[in-house]
Amino acid sequence: MTDTGHHLHAIAHAQDGTALAYQRWGDGYPLVLLAGQANNHHWWDGIREDFHTTHSTLTLDYRGTGDSDKPQGPYSTPQFAEDVIAVLDHLGVERADVYGTSMGGRVAQWVAARHADRVRRLVLGCTSPGGPYAVERDTSVRRALAQADPEAARQALIDLMYSPAWLIDHPGPYATLGDPGMPPHARRGHLVASNEHDAWDVLPLITAPTLILHGEHDRLTPPDNVPLLAARIPHTRTHLFPGARHAYFEECRTEAGALVGAFLDERP
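Take 1230 as the starting number for the sequence shown in this note's numbering and just add one per residue.
Treat the hints with care, as some may be off.
What the hints assert, rightly or not - Have a look at the derived ranges for each label pair, beta carbon to beta carbon:
| # | residue 1 | residue 2 | range |
| --- | --- | --- | --- |
| 1 | 1275 | 1425 | 38 to 46 Å |
| 2 | 1384 | 1431 | 33 to 41 Å |
| 3 | 1384 | 1283 | 31 to 39 Å |
Read the hints as simulated data drawn from the structure, not as lab findings. Note that beta-carbon positions come from the ideal geometry of N, C-alpha and C, so glycine has one too.
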(Lines of atoms letter the chains of each structure in order from A and count residues from 1; the text may use other names and numbers.)
(Lines give C-alpha, C1' and ligand atoms only; values in the text may rest on other atoms or scores of the structure.)
Protein backbone atom coordinates (compact mmCIF):
# COMPACT_ATOMS: atom_id res chain seq x y z
CA MET A 1 0.00 0.00 0.00
CA THR A 2 1.29 3.46 -0.87
CA ASP A 3 -0.34 6.49 0.72
CA THR A 4 1.10 9.81 -0.41
CA GLY A 5 -0.88 12.66 1.08
CA HIS A 6 -4.29 12.42 -0.55
CA HIS A 7 -3.28 9.63 -2.95
CA LEU A 8 -3.94 6.07 -1.82
CA HIS A 9 -2.83 3.14 -4.01
CA ALA A 10 -3.71 -0.24 -2.56
CA ILE A 11 -5.17 -3.70 -3.18
CA ALA A 12 -8.65 -5.10 -2.51
CA HIS A 13 -9.81 -8.62 -3.29
CA ALA A 14 -12.72 -9.76 -5.43
CA GLN A 15 -15.14 -12.43 -4.24
CA ASP A 16 -13.09 -15.07 -6.06
CA GLY A 17 -9.85 -13.85 -4.46
CA THR A 18 -8.56 -11.90 -7.48
CA ALA A 19 -6.35 -9.00 -6.37
CA LEU A 20 -7.75 -5.66 -7.54
CA ALA A 21 -5.51 -2.60 -7.56
CA TYR A 22 -7.34 0.64 -6.79
CA GLN A 23 -6.40 4.30 -6.53
CA ARG A 24 -8.16 6.87 -4.36
CA TRP A 25 -7.27 10.54 -4.73
CA GLY A 26 -8.49 13.62 -2.91
CA ASP A 27 -11.13 14.25 -0.26
CA GLY A 28 -14.86 14.61 -0.55
CA TYR A 29 -17.78 12.52 -1.69
CA PRO A 30 -16.55 9.40 -3.54
CA LEU A 31 -16.75 9.39 -7.34
CA VAL A 32 -15.98 6.05 -8.99
CA LEU A 33 -14.40 6.51 -12.44
CA LEU A 34 -14.55 3.50 -14.76
CA ALA A 35 -12.27 3.23 -17.79
CA GLY A 36 -12.76 1.72 -21.24
CA GLN A 37 -12.07 -1.81 -22.44
CA ALA A 38 -8.56 -3.16 -21.97
CA ASN A 39 -7.48 -0.01 -20.15
CA ASN A 40 -6.27 0.60 -16.60
CA HIS A 41 -6.81 3.63 -14.35
CA HIS A 42 -4.46 5.81 -16.44
CA TRP A 43 -7.44 6.34 -18.80
CA TRP A 44 -8.43 9.08 -16.31
CA ASP A 45 -5.01 10.76 -16.09
CA GLY A 46 -5.38 14.52 -16.43
CA ILE A 47 -9.18 14.34 -16.07
CA ARG A 48 -9.81 13.09 -12.53
CA GLU A 49 -8.28 16.25 -11.06
CA ASP A 50 -11.26 18.23 -12.40
CA PHE A 51 -13.51 16.62 -9.79
CA HIS A 52 -11.33 17.07 -6.72
CA THR A 53 -12.90 20.36 -5.62
CA THR A 54 -16.00 18.42 -4.51
CA HIS A 55 -15.16 14.72 -4.74
CA SER A 56 -12.53 12.16 -4.03
CA THR A 57 -11.94 10.01 -7.12
CA LEU A 58 -11.73 6.24 -6.98
CA THR A 59 -10.38 4.21 -9.89
CA LEU A 60 -9.42 0.58 -10.22
CA ASP A 61 -7.39 -1.52 -12.58
CA TYR A 62 -9.87 -4.02 -14.03
CA ARG A 63 -8.86 -7.65 -13.59
CA GLY A 64 -6.51 -8.33 -16.50
CA THR A 65 -5.01 -4.82 -16.43
CA GLY A 66 -2.54 -2.67 -14.52
CA ASP A 67 -1.48 -3.94 -11.10
CA SER A 68 -4.48 -6.24 -10.70
CA ASP A 69 -4.32 -10.00 -11.13
CA LYS A 70 -4.76 -11.31 -14.66
CA PRO A 71 -6.69 -14.59 -14.35
CA GLN A 72 -7.51 -16.68 -17.40
CA GLY A 73 -11.16 -15.67 -17.32
CA PRO A 74 -13.88 -15.71 -18.43
CA TYR A 75 -14.39 -11.96 -18.14
CA SER A 76 -17.75 -10.15 -18.22
CA THR A 77 -19.19 -6.71 -17.51
CA PRO A 78 -21.35 -8.02 -14.61
CA GLN A 79 -18.18 -9.53 -13.09
CA PHE A 80 -16.32 -6.22 -13.46
CA ALA A 81 -19.27 -4.56 -11.70
CA GLU A 82 -18.97 -6.98 -8.76
CA ASP A 83 -15.26 -6.13 -8.63
CA VAL A 84 -16.20 -2.45 -8.27
CA ILE A 85 -18.51 -3.36 -5.37
CA ALA A 86 -15.70 -5.39 -3.78
CA VAL A 87 -13.47 -2.30 -3.81
CA LEU A 88 -16.24 -0.14 -2.32
CA ASP A 89 -16.83 -2.76 0.39
CA HIS A 90 -13.10 -2.91 1.13
CA LEU A 91 -13.03 0.87 1.61
CA GLY A 92 -16.27 0.93 3.62
CA VAL A 93 -17.94 3.18 1.03
CA GLU A 94 -21.70 2.69 1.29
CA ARG A 95 -22.73 5.05 -1.53
CA ALA A 96 -20.86 6.77 -4.33
CA ASP A 97 -21.37 8.64 -7.56
CA VAL A 98 -20.36 6.53 -10.58
CA TYR A 99 -19.04 7.78 -13.94
CA GLY A 100 -18.26 5.16 -16.56
CA THR A 101 -17.06 5.73 -20.11
CA SER A 102 -17.05 3.25 -23.01
CA MET A 103 -16.89 -0.28 -21.53
CA GLY A 104 -16.79 1.46 -18.16
CA GLY A 105 -20.25 2.78 -18.94
CA ARG A 106 -21.38 -0.80 -19.54
CA VAL A 107 -19.90 -1.85 -16.21
CA ALA A 108 -21.54 1.17 -14.52
CA GLN A 109 -24.95 0.05 -15.83
CA TRP A 110 -24.61 -3.22 -13.92
CA VAL A 111 -23.34 -1.50 -10.78
CA ALA A 112 -26.31 0.89 -10.76
CA ALA A 113 -28.91 -1.74 -11.69
CA ARG A 114 -27.81 -4.56 -9.39
CA HIS A 115 -26.71 -2.35 -6.50
CA ALA A 116 -29.10 0.60 -6.76
CA ASP A 117 -28.65 1.46 -3.09
CA ARG A 118 -24.91 2.01 -3.62
CA VAL A 119 -25.17 4.61 -6.41
CA ARG A 120 -26.25 8.18 -5.67
CA ARG A 121 -25.80 9.63 -9.17
CA LEU A 122 -24.77 7.96 -12.42
CA VAL A 123 -22.98 9.30 -15.49
CA LEU A 124 -22.76 7.12 -18.63
CA GLY A 125 -20.38 8.26 -21.35
CA CYS A 126 -19.90 6.98 -24.93
CA THR A 127 -21.57 3.70 -24.10
CA SER A 128 -24.41 1.39 -25.13
CA PRO A 129 -26.93 -0.98 -23.55
CA GLY A 130 -25.51 -3.91 -25.52
CA GLY A 131 -27.55 -6.86 -26.68
CA PRO A 132 -29.83 -7.16 -29.70
CA TYR A 133 -31.28 -3.63 -29.44
CA ALA A 134 -27.97 -1.75 -29.34
CA VAL A 135 -26.65 0.08 -32.40
CA GLU A 136 -23.32 -1.53 -33.25
CA ARG A 137 -20.29 0.04 -34.91
CA ASP A 138 -20.19 -0.61 -38.63
CA THR A 139 -18.05 -3.31 -40.21
CA SER A 140 -15.53 -0.81 -41.64
CA VAL A 141 -14.69 0.24 -38.06
CA ARG A 142 -14.31 -3.37 -36.97
CA ARG A 143 -12.04 -4.07 -39.96
CA ALA A 144 -9.88 -1.02 -39.26
CA LEU A 145 -9.32 -2.09 -35.65
CA ALA A 146 -8.59 -5.72 -36.63
CA GLN A 147 -5.78 -4.90 -39.09
CA ALA A 148 -2.77 -7.20 -38.84
CA ASP A 149 -0.35 -4.25 -38.78
CA PRO A 150 -0.36 -3.03 -35.15
CA GLU A 151 0.64 0.53 -36.05
CA ALA A 152 -2.16 0.82 -38.62
CA ALA A 153 -4.66 -0.51 -36.07
CA ARG A 154 -3.34 1.97 -33.49
CA GLN A 155 -3.74 4.88 -35.93
CA ALA A 156 -7.27 3.72 -36.69
CA LEU A 157 -8.07 3.72 -32.96
CA ILE A 158 -6.62 7.23 -32.50
CA ASP A 159 -8.80 8.42 -35.39
CA LEU A 160 -11.88 6.90 -33.72
CA MET A 161 -11.06 8.49 -30.37
CA TYR A 162 -10.21 12.08 -31.39
CA SER A 163 -11.17 14.57 -34.07
CA PRO A 164 -8.47 15.56 -36.60
CA ALA A 165 -8.58 19.17 -35.40
CA TRP A 166 -7.88 18.17 -31.79
CA LEU A 167 -5.05 15.82 -32.79
CA ILE A 168 -3.15 18.67 -34.47
CA ASP A 169 -2.61 20.35 -31.10
CA HIS A 170 -2.38 17.15 -29.04
CA PRO A 171 0.35 14.89 -30.44
CA GLY A 172 0.15 12.41 -27.55
CA PRO A 173 0.98 10.16 -25.87
CA TYR A 174 -2.64 9.09 -25.32
CA ALA A 175 -3.83 7.20 -22.23
CA THR A 176 -6.91 5.74 -23.94
CA LEU A 177 -5.38 3.24 -26.40
CA GLY A 178 -5.20 0.20 -24.14
CA ASP A 179 -2.95 -1.09 -21.37
CA PRO A 180 0.32 -2.11 -23.10
CA GLY A 181 1.13 -4.60 -20.32
CA MET A 182 -1.96 -6.78 -20.77
CA PRO A 183 -1.35 -10.42 -21.64
CA PRO A 184 -3.14 -11.59 -24.82
CA HIS A 185 -5.65 -13.76 -22.92
CA ALA A 186 -6.79 -10.76 -20.85
CA ARG A 187 -7.04 -8.53 -23.92
CA ARG A 188 -9.26 -11.15 -25.60
CA GLY A 189 -11.27 -11.53 -22.40
CA HIS A 190 -11.98 -7.79 -22.27
CA LEU A 191 -13.06 -7.80 -25.91
CA VAL A 192 -15.49 -10.64 -25.24
CA ALA A 193 -16.79 -8.95 -22.08
CA SER A 194 -17.56 -5.75 -23.95
CA ASN A 195 -19.05 -7.50 -26.99
CA GLU A 196 -21.29 -9.76 -24.88
CA HIS A 197 -22.59 -6.96 -22.65
CA ASP A 198 -26.38 -6.88 -22.53
CA ALA A 199 -27.95 -4.86 -19.71
CA TRP A 200 -31.20 -4.12 -21.57
CA ASP A 201 -33.45 -6.02 -19.16
CA VAL A 202 -31.95 -4.53 -15.98
CA LEU A 203 -31.67 -0.86 -17.03
CA PRO A 204 -35.18 -0.03 -15.68
CA LEU A 205 -33.92 -1.08 -12.22
CA ILE A 206 -31.55 1.91 -12.09
CA THR A 207 -32.89 4.42 -9.55
CA ALA A 208 -30.05 6.96 -9.59
CA PRO A 209 -30.54 10.18 -11.57
CA THR A 210 -28.52 9.58 -14.74
CA LEU A 211 -26.63 11.84 -17.14
CA ILE A 212 -25.84 10.32 -20.56
CA LEU A 213 -23.00 11.93 -22.55
CA HIS A 214 -21.74 11.17 -26.05
CA GLY A 215 -19.63 12.57 -28.86
CA GLU A 216 -21.75 13.53 -31.87
CA HIS A 217 -19.35 11.86 -34.34
CA ASP A 218 -18.55 8.72 -32.31
CA ARG A 219 -18.16 5.77 -34.72
CA LEU A 220 -16.77 3.38 -32.10
CA THR A 221 -20.04 3.49 -30.13
CA PRO A 222 -22.66 5.21 -32.31
CA PRO A 223 -24.62 8.02 -30.62
CA ASP A 224 -27.86 6.32 -31.71
CA ASN A 225 -27.42 4.39 -28.44
CA VAL A 226 -28.15 7.52 -26.39
CA PRO A 227 -31.94 7.56 -26.92
CA LEU A 228 -32.05 3.79 -26.33
CA LEU A 229 -30.39 4.18 -22.91
CA ALA A 230 -32.52 7.22 -22.10
CA ALA A 231 -35.72 5.33 -22.85
CA ARG A 232 -34.77 2.39 -20.61
CA ILE A 233 -33.33 4.22 -17.57
CA PRO A 234 -36.00 6.04 -15.54
CA HIS A 235 -34.46 9.43 -14.61
CA THR A 236 -32.19 10.59 -17.41
CA ARG A 237 -30.97 13.62 -19.27
CA THR A 238 -28.61 13.58 -22.25
CA HIS A 239 -25.97 15.75 -23.90
CA LEU A 240 -24.12 15.40 -27.21
CA PHE A 241 -20.78 17.11 -27.79
CA PRO A 242 -20.69 18.59 -31.32
CA GLY A 243 -17.83 17.32 -33.47
CA ALA A 244 -16.43 15.03 -30.78
CA ARG A 245 -15.62 11.36 -31.30
CA HIS A 246 -15.30 8.59 -28.70
CA ALA A 247 -12.98 10.34 -26.22
CA TYR A 248 -15.25 13.39 -25.77
CA PHE A 249 -14.30 13.41 -22.05
CA GLU A 250 -10.73 14.32 -22.99
CA GLU A 251 -11.28 16.40 -26.14
CA CYS A 252 -14.16 18.39 -24.58
CA ARG A 253 -12.68 18.18 -21.10
CA THR A 254 -13.59 21.68 -19.95
CA GLU A 255 -17.23 21.47 -21.00
CA ALA A 256 -17.69 17.81 -20.04
CA GLY A 257 -16.07 18.25 -16.64
CA ALA A 258 -18.26 21.27 -15.87
CA LEU A 259 -21.42 19.40 -16.96
CA VAL A 260 -20.60 16.34 -14.89
CA GLY A 261 -19.57 18.42 -11.89
CA ALA A 262 -22.78 20.47 -11.95
CA PHE A 263 -24.89 17.32 -12.30
CA LEU A 264 -23.17 15.55 -9.41
CA ASP A 265 -23.52 18.58 -7.16
CA GLU A 266 -27.24 19.11 -7.69
CA ARG A 267 -29.30 18.78 -4.55
CA PRO A 268 -32.13 16.27 -4.94
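Hint by hint, here is what the structure shows:
no.: 1; hint: 1275 x 1425: 38 to 46 Å; in the structure: violated, 31 Å
no.: 2; hint: 1384 x 1431: 33 to 41 Å; in the structure: holds, 37 Å
no.: 3; hint: 1384 x 1283: 31 to 39 Å; in the structure: holds, 38 Å
This entry does not satisfy hint 1, going by the numbered hints stated previously; all others are met.
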